[in-house]
Amino acid sequence: MPPSLKPPSPSQSLTSLRDVLAYNVRACRVVIGLSQEQLGFSANLDRTFISQVERARINVSIDNIEKLATALGVSASALLERPASTRR
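Counting from 7, one number per residue, gives the positions in the sequence shown under the working numbering.
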């Protein structure tokens with residue numbers, strides 16, 4: 007797997023729900039082998055939006071979380087769950 011396609015490490019600081027969403031979207035996307043552009047196309051969202059989500063730069067609406075979850079083949083709640091290794 008090329009370095010740019012490695013899933014992020016869950017050891018990073020996931021202090022906010024926005025950070026958790028960013029981590030989970032990127033991890034799911036990388037695991038299934040999609041580029042940001044491919045995910046954006048599948049979710050009917052712009053690639054730059056996907057980039058901003060993955061960098062935790064923007065608030066994401068429930069509607070867009072649902073679009074991302076559907077495109078990634080996971081539940082919306084799964085995108086908002088902290089990875090097991092970072093749960094408090």
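Please note: incorrect hints may appear among the correct ones.
What the hints assert, rightly or not - Think about it this way: if two alpha-carbon atoms lie no more than 20 Å apart in a straight line, the pair counts; the simulated SDA-like pairs of lysine to any residue are:
no.: 1; residue 1: K73; residue 2: G39
no.: 2; residue 1: K73; residue 2: L40
no.: 3; residue 1: K73; residue 2: R63
no.: 4; residue 1: K73; residue 2: A33
no.: 5; residue 1: K73; residue 2: L86
no.: 6; residue 1: K73; residue 2: S19
no.: 7; residue 1: K73; residue 2: A62
no.: 8; residue 1: K73; residue 2: S83
no.: 9; residue 1: K73; residue 2: R53
no.: 10; residue 1: K73; residue 2: Q58
no.: 11; residue 1: K73; residue 2: A84
no.: 12; residue 1: K73; residue 2: T54
no.: 13; residue 1: K73; residue 2: Q44
no.: 14; residue 1: K73; residue 2: R32
no.: 15; residue 1: K73; residue 2: E43
no.: 16; residue 1: K73; residue 2: S48
no.: 17; residue 1: K73; residue 2: F55
no.: 18; residue 1: K73; residue 2: V37
no.: 19; residue 1: K73; residue 2: L51
no.: 20; residue 1: K73; residue 2: Q42
no.: 21; residue 1: K73; residue 2: D52
no.: 22; residue 1: K73; residue 2: E60
no.: 23; residue 1: K73; residue 2: F47
no.: 24; residue 1: K73; residue 2: C34
no.: 25; residue 1: K73; residue 2: V26
no.: 26; residue 1: K73; residue 2: I38
no.: 27; residue 1: K73; residue 2: D25
no.: 28; residue 1: K73; residue 2: R61
no.: 29; residue 1: K73; residue 2: L23
no.: 30; residue 1: K73; residue 2: A90
no.: 31; residue 1: K73; residue 2: S57
no.: 32; residue 1: K73; residue 2: T21
no.: 33; residue 1: K73; residue 2: R24
no.: 34; residue 1: K73; residue 2: N50
To be verified - Computed beta-carbon distance windows for the label pairs:
no.: 35; residue 1: N65; residue 2: E87; range: 16 to 24 Å
no.: 36; residue 1: F47; residue 2: T21; range: 28 to 36 Å
no.: 37; residue 1: I64; residue 2: Q44; range: 26 to 34 Å
no.: 38; residue 1: N50; residue 2: A90; range: 26 to 34 Å
Derived from the structure by calculation, the hints contain no laboratory data. Backbone N, C-alpha and C fix where the C-beta goes; we use that ideal spot for every residue, glycine too.
To see whether the hints hold, each was checked on the structure:
1. K73 / G39: 18 Å, holds
2. K73 / L40: Holds, because 15 Å separates the two Cα atoms, which is no more than 20 Å.
3. K73 / R63: Answer holds: K73 to R63 is near 18 Å, not above 20 Å.
4. K73 / A33: Given pair K73, A33 holds - Cα atoms ~16 Å apart, limit 20 Å.
5. K73 / L86: 14 Å, holds
6. K73 / S19: Outside the cut-off at roughly 25 Å; violated.
7. K73 / A62: 17 Å, holds
8. K73 / S83: Status holds; Cα separation ~12 Å.
9. K73 / R53: OK: K73 and R53 at ~13 Å, within 20 Å.
10. K73 / Q58: At roughly 15 Å apart (the allowed maximum being 20 Å), Q58 and K73 satisfy the hint.
11. K73 / A84: 13 Å, holds
12. K73 / T54: 15 Å, holds
13. K73 / Q44: 13 Å, holds
14. K73 / R32: The given pair, whose Cα atoms are some 14 Å apart, holds under the 20 Å limit.
15. K73 / E43: Holds - the C-alpha atoms of E43 and K73 are around 14 Å apart, at most 20 Å.
16. K73 / S48: Measuring from Cα to Cα gives roughly 9 Å; hence the hint holds.
17. K73 / F55: 12 Å, holds
18. K73 / V37: 18 Å, holds
19. K73 / L51: 8 Å, holds
20. K73 / Q42: Holds, at roughly 14 Å.
21. K73 / D52: Answer holds: K73 to D52 is near 12 Å, not above 20 Å.
22. K73 / E60: Holds, at about 15 Å.
23. K73 / F47: Cα-Cα ~11 Å, so holds.
24. K73 / C34: Since the Cα atoms of K73 and C34 sit roughly 14 Å apart, the hinted pair holds (cutoff 20 Å).
25. K73 / V26: At roughly 17 Å apart (the allowed maximum being 20 Å), V26 and K73 satisfy the hint.
26. K73 / I38: 16 Å, holds
27. K73 / D25: Holds, at roughly 18 Å.
28. K73 / R61: Holds - the C-alpha atoms of R61 and K73 are around 18 Å apart, at most 20 Å.
29. K73 / L23: 18 Å, holds
30. K73 / A90: 24 Å, violated
31. K73 / S57: Distance ~15 Å between K73 and S57 Cα, so the pair holds.
32. K73 / T21: 24 Å, violated
33. K73 / R24: Holds, at about 16 Å.
34. K73 / N50: Given that 20 Å is the threshold and the Cα spacing comes to 8 Å, the pair holds.
35. N65 / E87: 16 to 24 Å: 18 Å, holds
36. F47 / T21: 28 to 36 Å: 31 Å, holds
37. I64 / Q44: 26 to 34 Å: 20 Å, violated
38. N50 / A90: 26 to 34 Å: Hint holds: Cβ distance 31 Å, inside 26 to 34 Å.
The structure fails hints 6, 30, 32 and 37 (numbered hints given earlier, in ascending order).
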